[in-house]
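Sequences are here, hints too, so could you generate the full structure?
Top line first, the protein sequences correspond to chains A and B.
The opening residue of the first sequence carries number 1 in the working numbering; numbering runs sequentially from there.
The opening residue of the second sequence carries number 1001 in the working numbering; numbering runs sequentially from there.
Treat the hints as calculated values from the structure; they're not laboratory data.
All values reported here derive from a predicted model rather than from experimental measurement.
The C-beta atom is built at its ideal place from N, Cα and C for all residues, glycine as well.
Treat the hints with caution; some may be incorrect.
[Unchecked claim] Stretches of chain A that chain B covers, calculated by requiring three or more beta carbons in the stretch to come under 8 Å of a beta carbon on chain B:
{"no.": "1", "stretch": "33-42"}
{"no.": "2", "stretch": "64-75"}
{"no.": "3", "stretch": "169-180"}
[Unchecked claim] Quick list of in silico lysine-lysine cross-link-like pairs, BS3-like style, CA-CA up to 27 Å:
{"no.": "4", "chain 1": "A", "residue 1": "K106", "chain 2": "A", "residue 2": "K58"}
{"no.": "5", "chain 1": "A", "residue 1": "K106", "chain 2": "A", "residue 2": "K193"}
{"no.": "6", "chain 1": "A", "residue 1": "K30", "chain 2": "B", "residue 2": "K1101"}
{"no.": "7", "chain 1": "A", "residue 1": "K106", "chain 2": "A", "residue 2": "K31"}
{"no.": "8", "chain 1": "A", "residue 1": "K36", "chain 2": "B", "residue 2": "K1289"}
{"no.": "9", "chain 1": "A", "residue 1": "K158", "chain 2": "A", "residue 2": "K148"}
{"no.": "10", "chain 1": "A", "residue 1": "K194", "chain 2": "B", "residue 2": "K1289"}
{"no.": "11", "chain 1": "A", "residue 1": "K31", "chain 2": "A", "residue 2": "K148"}
{"no.": "12", "chain 1": "B", "residue 1": "K1101", "chain 2": "A", "residue 2": "K58"}
{"no.": "13", "chain 1": "A", "residue 1": "K183", "chain 2": "B", "residue 2": "K1101"}
{"no.": "14", "chain 1": "A", "residue 1": "K153", "chain 2": "A", "residue 2": "K106"}
{"no.": "15", "chain 1": "A", "residue 1": "K191", "chain 2": "A", "residue 2": "K106"}
{"no.": "16", "chain 1": "A", "residue 1": "K191", "chain 2": "A", "residue 2": "K30"}
{"no.": "17", "chain 1": "A", "residue 1": "K31", "chain 2": "B", "residue 2": "K1101"}
{"no.": "18", "chain 1": "A", "residue 1": "K142", "chain 2": "A", "residue 2": "K58"}
{"no.": "19", "chain 1": "A", "residue 1": "K194", "chain 2": "A", "residue 2": "K30"}
{"no.": "20", "chain 1": "A", "residue 1": "K158", "chain 2": "A", "residue 2": "K58"}
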Amino acid sequence: MNFKIIKFIILLSFIFLVQACNKNLTEEEKKELWSKAQTTGEIINRSGTKFSSGRNKKLALSDAETRLQSGGGLFGKKGLDASNLIGNNQSENVSIGMPINPYFWKASLETISFMPLISADPFGGIIITDWHSIINSDERCKLNIFIKGMEMKTANLKVNSFCQKLINNNWIDQQINEENNIKIENAILNKAKKLRLSQG
Amino acid sequence: MKKELLIASALVGSLGMAGVAEAASYSISGNSRTGVNATDNDAGTETRAALLQASFTVSVTETTDSGIIIASGFDLAEESTSGAGGGGLSGLTLTFTDGSKLDLVSAGNASGSHDVSIPGTAGEEGISVTTTNTAPTGLDFATGTTGLGFEYHTPADTLMDGLKMSVSYSTDSGAAKSATPAKMGHYAIGGTYVTDAGDTAVTIGAGYSTTDWGNTSTEASNDESSVHMGLSAVTGDLTVAVGFADGDRVGGTNTTTNYEASANVMKAGAKYVTGDMTFNLGIAAGESKDSRTLGTPGTTVDSYDKTSASISYAVASGVTAIVGFTNTDTTDEGTTVDTESNGSAWYIGANIAF
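As structure tokens, then:
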């Protein structure tokens, strides 16, 4: 028994020794770290499961992992709101939402945050960047991103990239690279999926 | 304080009387696991069974004007296999504005809340191991609670960035001791530390728990207690984790099955996610020296080695399809006398969460 307590104290000392790793983290970085914590309690906490780990940990963990892997439950992360089922919701709020998928919108802006923007229209779902070039590069590119609807599906996202090359002091249009467009679409889709999972 | 009490009253009344439920919101949610499980033990016995497990929970939540969240609820469960199940009532959970949380009544064990999740099969398959084998397969093998207590979780980044801790305590019901050992109370502490190393997110989880067991005759040599520690690293879509636990166990249902044991377990596993598919692979190696005479430490070793793997596919939101496989090798009292406790099992099924 004493040996176990000593081991636990050694572990705590180890944690304090490595605390220097986490110095100067921003709030966003801390949030990102906690979103990846792998203890059973943290997994259950962030999954949105309503099952209590104190009552039945095996069930809570199984439900949590199903929800985290599939992006929530059949009725969303928060289950079925019984208040609405029996018409008892007296605090209805009317709001005007974006006509486009908000996760696609936010993910698109985050993915291309390194590029200057010319236009970003949340109601039309159109993001247009300015020409962007890496320092000392003779190539520059710009992107047009179209978010076409509310549903989170691949068909509702389209990226068009345009690149030019500097030849004899003239910017010459390059052939459109569909593969690059798909890579950017996939990056946005992945980020949107993670945003949805983290926000429920 | 008066405001809190008034709202708590509304919370209690909201389920039974929908008309006065404005103060609290409640939701229904559930989980269904349906599949086929097949086992093939070394005694040559092949069995197949349909596995139907369904659980349903009603959750009630209220947010007070001061921002404190009070939550409670109850489960209805129907499981055709042994193990966790049955109906269950939830205690109260208070979530405070600083992110700390207090579970009251039917609370968990602080050590068990901080065990690192080691990847392994996501399926429900498994070989039924003889009950006399007390070798553990989980890091939280000695994290009991009587339910008459609390568990407190600090907010994230307590004391230093990346640290979260929990403490828990429970006491006995006051019922007279019997010949069968029963939990008389526990206290536990656990912690989770998260940090990064380059692009890798690292989680360290550890805990210590001690549970007092009591009975009328000679009691176990040691209280049930354990310490566990685990480390998990997430790099992109790959998760790798290892953990171990060491401690003493006490249990039994009557004077012939009562036991005390000195046990340990080591686990390791990896998980890889690609698109909607998740691959899991895990091993667990548990050992236990048990004795059927309380007060007399055991000398021979029970072992439980498990290798498992699964592939799960996210079919839709809340629905995953799973194929799992598990191989089990055990010894009881140092020998493989029970071939029915050894073999392999597979599972194909689906989990539905709603």
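Hints, verified against the model:
Here's how the stretch 33-42 of chain A fares: 9 of its residues keep a CB closer than 8 Å to some CB of chain B, so the rule of at least three is met and the hint holds. Under the rule that three or more residues need a Cβ within less than 8 Å of chain B, the assignment of the stretch 64-75 of chain A holds, with 10 such residues. Judged by the Cβ-Cβ criterion of 8 Å, the stretch 169-180 of chain A is not covered by chain B as claimed, because only 0 of its residues qualify and three are needed. Between A/K106 and A/K58 the CA atoms are separated by roughly 35 Å; this puts the pair beyond 27 Å, and the hint is violated.
Under the criterion of a C-alpha separation no larger than 27 Å, the hint pairing A/K106 with A/K193 is consistent with the structure, at around 11 Å. Distance restraint check for A/K30 and B/K1101: the Cα-Cα separation of roughly 19 Å lies within the 27 Å cut-off, and the hinted pair is therefore satisfied. A threshold of 27 Å between alpha carbons decides the hint, and for A/K106 with A/K31 the separation of about 17 Å falls inside it, so the pair holds. Restraint check for A/K36 and B/K1289: the C-alpha separation of about 36 Å exceeds 27 Å, so the hint is violated.
Proposed proximity of A/K158 and A/K148 is supported: the alpha carbons are some 8 Å apart, at most 27 Å. For the suggested pair A/K194 and B/K1289, the alpha carbons sit about 46 Å apart, so the restraint of at most 27 Å is broken. Restraint check: the Cα-Cα separation between A/K31 and A/K148 comes to about 30 Å, which exceeds 27 Å; the hinted pair is violated. With a CA separation close to 21 Å, the supplied pair B/K1101 and A/K58 stays within the 27 Å bound.
Distance restraint check for A/K183 and B/K1101: the Cα-Cα separation of roughly 42 Å exceeds the 27 Å cut-off, and the hinted pair is therefore not satisfied. Taking the CA atoms of A/K153 and A/K106, the gap is about 15 Å. The hint holds against a cut of 27 Å. Taken as a hint, the A/K191 and A/K106 pair is honoured in the structure, with Cα atoms around 9 Å apart against an allowance of 27 Å. For the proposed pair A/K191 and A/K30, the alpha carbon gap of about 18 Å is at most 27 Å, so the pair holds.
Of the pairs offered as hints, the one joining A/K31 and B/K1101 holds, with about 18 Å between alpha carbons and a cut-off of 27 Å not exceeded. Only pairs whose Cα atoms come within 27 Å are accepted, and A/K142 paired with A/K58 is rejected, the gap being roughly 50 Å. With a C-alpha separation of about 16 Å, the suggested pairing of A/K194 with A/K30 holds against the 27 Å cut-off. With a CA separation close to 42 Å, the supplied pair A/K158 and A/K58 exceeds the 27 Å bound.
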